[in-house]
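S.K.: Spelled out from the first residue to the last, the chains are:
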Amino acid sequence: MTTVQRRVIQAGALSTIALACFFEVKFKTLDGRIVPQLAQEWYRVLIDLVPGSSFVLAGLVAWSRRPLNRVGLLMIGVGVGLLTRNPELQHGIGEIAYPLEVALHFISPLWAVAFLHLLLAFPAGRLVSRLDRDIVRSFYALVPLAGVLAVVIGHYPLLGAIGQPVFETKGPADYVYLACLLVGSGLVIRRWFLGGRARRRSITPLFGPMVPITIFFLLSLAYFLGARVTPIPLGGLKSILGDLATAFPLLLVALPVGVLVGLLRSELDMSSVGDLVVKLSGGLAPERLRPALAQALHDPSLEVAYWLPAQEWFADLEGRRIELPTDDSERAVSILGDASSPIAALVYDSSLVHEGQLVDAAAAAVRMALENARLQVQLRAQLEDVRESRARLVEAADSERQRVERDLHDGAQQQLVTLLLSMQMTKAEAMRHADPETAAMVEANIGALRQALDELRELGRGIHPTILTQAGLVPAIMSLAERSPIPVEVTGELGDDRFAPAIEAALYFVVSEAITNAVKHSQARRLCVSIDRRPVLAIVEVSDDGVGGAEPSLGSGLRGLTDRVAAVGGRLTVKSDHAGGTTIHAEVPCG
Amino acid sequence: MRVIVADDSVLFREGLARVLEGAGFEVVGQASNIDELDRILAREDAAAVILDIRMPPTQTDEGLVAAKRIRRTHPKMGVLLLSQYVESHHALDLLAESPNHVGYLLKDRVADIGEFLDAVRRVGNGGSAVDPQVVSQLLGRKRSRDLVDQLTDREKKVLGLIAEGRSNEAIASTLKISPKTLEAHIGTIYSKLGLEPAVSDHRRVLAVLNYLRSA
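Those sequence lines, one after another, are chains A and B. Position 138 of the first sequence, counted from 1, bears residue number 138 in the numbering used here, the numbering being contiguous throughout. Position 26 of the second sequence, counted from 1, bears residue number 26 in the numbering used here, the numbering being contiguous throughout.
So here's chain A without its partners, still in its complex pose (with noise of 0.2 Å):
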């Protein structure tokens, strides 16, 4: 909108105000003075010029302060549309200029819509749904059309005349009027409760006046209906409710404060930024900086999306993938840093969306820190990737041992047995035979292929023990202890729970090394394996009474556990001393 454009625009409404005063004090001649006079009581003069006067006087100052803003505008119109709706007025300037009255006649009820238009549109100036859209945009479509309907069905003049109640309806434009009311504040105090913290705070200049509003409306909606429908006398309550129908547009005044206090905020909210710079200057961790930006903003919900250039995809602190909303009435999304190379997004409330200069504000404040926490993210997701390659590899690990102990399994020892088999029957049919010689050297190779067997067997079960994924974790443990040459006690229970299988792999493994290992260096006389189960957490700990002295980075074995372990998302700890005893000790998350 050019200057111009707009300045006219402002002379037509201040202008109007003029007009309506104007056409409302006659000049009289009193004891030879000339005096002015209203045309009709104070009151009912006040009625329309009051609450115009405002809306048009709030709506100048909120369009010069925020002209993008349609607010501003709408407030103008409805003020116009109320200074303008007077009857005797609209036939004072008919008396000037006839067509410009006509012209009232239908245009002056828009008013009434354009009221509606601003609740709807609050604070953002534009309506976000679709449905707003439309109740709108028909509503627009019905003011003429009741103007047209009023004049062929002979209401005339259309509106309620000053001094009568607002509900004496006079045609269809009233029930426009009516309808707009009722939906509009209807849809206010709907938009209040169900909507968030800070679409509420952004309406609550809208909230506040439309509550007494709404009652008085109601009250002289029950005059209206009292009056025509119930033949019964009201008496005192009757006049009471007359007046405060009467009275009803005064009220009208509340609003247009409201909406202005509400649109100017913002500009208060300026010094929460402030604030946030403070708390910034102090170092704000990467954890505490959504809460801040979001008590800034005033919104809750604000969420901050920090950008990954590896995966190019945003992610929140701990490196998880958020999908920006796309083209969501509730939502909006502000993105920082330049559009090739974003830093981070924040995603809000889309009631926040008027604010465009706080919201910048506060992004403006942040930034450094932004920048900070994104790396931070970066590296977490690049953390994340590593701790999901190494469960992966190790993963690969368990299956490719399991895979040879099975070849194992159906190759070499299935034909070692069957040839040990056949060596026992050659050995029978020398007998047979009567030849010692021949059964006595079988018989030695049987010994030496039984031996064969029994180290196989030991390698098969060292490498994967199918006991494990036949039974899972504590019969495998059981049977660790059992062929254990030094006594292990074993206690604890998890029941027939089983865990993923490389936790149980990993666990297993964990206690079958610390056994190898007390047997081998710890000269123990006895062994400990607890298990416990924790409601997230799967639990081992093998100690021993030897002579201590463990050292987890030196042996390669217990490395290679607190890696295996790790790869689980556990955790190993060693606890041994000189003075006496090891304890391994093994938690595991699990599901």
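Hints in this document: simulated from the structure, not taken from any laboratory. Just so you know, not all the hints are guaranteed correct.
Calculated pairs, DSSO-like style, for lysine-lysine (alpha carbon to alpha carbon, straight line, at most 30 Å) [unchecked claim]:
1) B/Lys180 x B/Lys157
2) B/Lys192 x B/Lys157
3) B/Lys180 x B/Lys156
4) B/Lys192 x B/Lys180
5) B/Lys156 x A/Lys520
6) B/Lys156 x B/Lys176
7) B/Lys76 x A/Lys575
8) B/Lys157 x B/Lys142
9) A/Lys520 x B/Lys142
One-sided and incomplete, this derived list gives chain B residues near chain A with beta-carbon spacing under 10 Å [what the hints assert, rightly or not]:
10) Asp8
11) Ser9
12) Glu14
13) Leu16
14) Lys68
15) Gln84
16) His89
17) Ala111
18) Ile113
19) Arg143
20) Arg145
21) Leu147
Restraint ranges, calculated between C-beta atoms of paired labels, are given here [what the hints assert, rightly or not]:
22) B/Glu97 x A/Leu537: 31 to 39 Å
23) A/Ala444 x B/Arg18: 20 to 28 Å
24) B/Glu26 x A/Met441: 46 to 54 Å
25) A/Arg392 x B/Arg39: 39 to 47 Å
26) B/Gly22 x A/Ala444: 19 to 27 Å
27) B/Arg72 x A/Gly495: 20 to 28 Å
28) A/Asp407 x B/Glu97: 27 to 35 Å
29) A/Gly495 x B/Ser178: 47 to 55 Å
30) A/Gly495 x B/Leu195: 46 to 54 Å
31) A/Pro535 x B/Gly22: 29 to 37 Å
32) A/Arg392 x B/Arg72: 55 to 63 Å
Glycine is no exception: its CB is placed at the ideal position from the N, C-alpha and C atoms.
Please arrange chain B on chain A, whose structure you already have, making use of the hints.
M.R.: Frame of chain A; chain B shown alone:
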């Protein structure tokens, strides 16, 4: 005695069948997988099934699962499980359901032909056969060791043989002692361990194994 052999290695199966037939057993069917075994079971009556614990397709515990199923559907049929590894967990699992008509041996045992055929007969006749390695593993449990340490070496041997499912005659001849001496040993063992004397051979296997398990 009519037996069925199930193992996925044809060489092993044939060898086993020859050993069994040489000793007067009648091998009424050979199966290379569980489906084949089920078809033979539907067709033939047998005193015992000898099957490997790891069978196709997954080579994990198909044989074990099938053994448990056969014991429910054919309660009078003996089931002798063979495995490259023996685990006390599986042994107790099998015996806990019922200590009769069941055996669990290391696969290598087939080469001790006399012992193996004896085990097949025991299982086929309603008895049990537990691999010596399972027994020694159970005896190796920490608390079992403490308790069994009260026994003399001879008594320990007797306890082990009882746990393997052997009869008094077999134990007496293995240890080359008279049945009377054996009974005296058994009496001492039972009183030292605080076990109730069991009437039949089958019941005492379970009693001893349970004792060792709970120890």
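S.K.: Run every hint past the structure and note whether it holds.
M.R.: These are the hints, each one checked on the structure:
About 16 Å separates the Cα atoms of B/Lys180 and B/Lys157, which keeps this hinted pair within 30 Å; it holds. For the proposed pair B/Lys192 and B/Lys157, the alpha carbon gap of about 15 Å is at most 30 Å, so the pair holds. For a cut-off of 30 Å, the pair hint linking B/Lys180 to B/Lys156 stands: about 17 Å separates their Cα positions. Taking the CA atoms of B/Lys192 and B/Lys180, the gap is about 18 Å. The hint holds against a cut of 30 Å.
For the given pair, B/Lys156 sits about 28 Å from A/Lys520 by alpha-carbon distance, which is consistent with the 30 Å threshold. Proposed proximity of B/Lys156 and B/Lys176 is supported: the alpha carbons are some 15 Å apart, at most 30 Å. Note on B/Lys76 and A/Lys575: the hinted pairing is violated, with a Cα-Cα distance of about 55 Å set against a maximum of 30 Å. This hinted pair checks out: B/Lys157 and B/Lys142 have alpha carbons roughly 18 Å apart, not beyond 30 Å.
Distance check on the hinted pair: A/Lys520 and B/Lys142 sit about 19 Å apart at the alpha-carbon level, within 30 Å; holds. Annotation: B/Asp8 was flagged as interfacial toward chain A, and the flag holds, the nearest CB pair being 8 Å apart, inside 10 Å. A hinted interface residue such as B/Ser9 counts as satisfied when its beta carbon comes closer than 10 Å to some beta carbon of chain A; here the least separation is about 5 Å, so the hint holds. With a least beta-carbon distance of about 9 Å to chain A, the hint placing B/Glu14 at the interface is held under the 10 Å criterion.
Checking B/Leu16 against chain A: minimum C-beta separation of about 7 Å stays under 10 Å; hint holds. At a threshold of 10 Å, the smallest CB-CB gap from B/Lys68 to chain A is about 13 Å, leaving the interface hint violated. About 5 Å separates the beta-carbon of B/Gln84 from the nearest beta-carbon of chain A, less than 10 Å, and the hint is met. Interface restraint check: B/His89 against chain A, minimum CB-CB distance 4 Å, threshold 10 Å, status holds.
Evaluation of the B/Ala111 hint against chain A yields a held restraint, the C-beta minimum of about 4 Å falling below 10 Å. With its C-beta approaching chain A no nearer than about 6 Å, B/Ile113 sits inside the 10 Å limit, and its interface hint holds. Interface hint at B/Arg143: satisfied, since its Cβ lies 7 Å from the closest Cβ of chain A, which is below the 10 Å cut-off. Hint status for B/Arg145: holds, given a least beta-carbon distance of 6 Å to chain A, under 10 Å.
For B/Leu147, the suggested interface contact is broken, since its CB lies about 12 Å from the closest CB of chain A, more than 10 Å. Separated by about 34 Å at the C-beta atoms, B/Glu97 and A/Leu537 satisfy the suggested range of 31 to 39 Å. At roughly 23 Å, the beta carbons of A/Ala444 and B/Arg18 sit within the given window of 20 to 28 Å. Under the hint 46 to 54 Å, the C-beta atoms of B/Glu26 and A/Met441, about 33 Å apart, miss the expected range.
Against the hinted window of 39 to 47 Å, the Cβ-Cβ separation of A/Arg392 and B/Arg39 comes to about 42 Å, which satisfies the hint. A C-beta distance of roughly 23 Å is found between B/Gly22 and A/Ala444, which places it inside the suggested range of 19 to 27 Å. Remark: the range hint 20 to 28 Å for B/Arg72 to A/Gly495 is upheld by a beta-carbon distance near 24 Å. Separated by about 33 Å at the C-beta atoms, A/Asp407 and B/Glu97 satisfy the suggested range of 27 to 35 Å.
Checking the proposed 47 to 55 Å range against A/Gly495 and B/Ser178 shows it holds: the Cβ atoms sit about 48 Å from each other. Range check, A/Gly495 to B/Leu195: Cβ separation about 29 Å, and the 46 to 54 Å hint is violated. Checking the proposed 29 to 37 Å range against A/Pro535 and B/Gly22 shows it is violated: the Cβ atoms sit about 60 Å from each other. The given range of 55 to 63 Å is broken by A/Arg392 and B/Arg72, whose C-beta atoms sit roughly 41 Å from each other.
The structure is inconsistent with the numbered hints 7, 14, 21, 24, 30, 31 and 32, although it conforms to all the rest.
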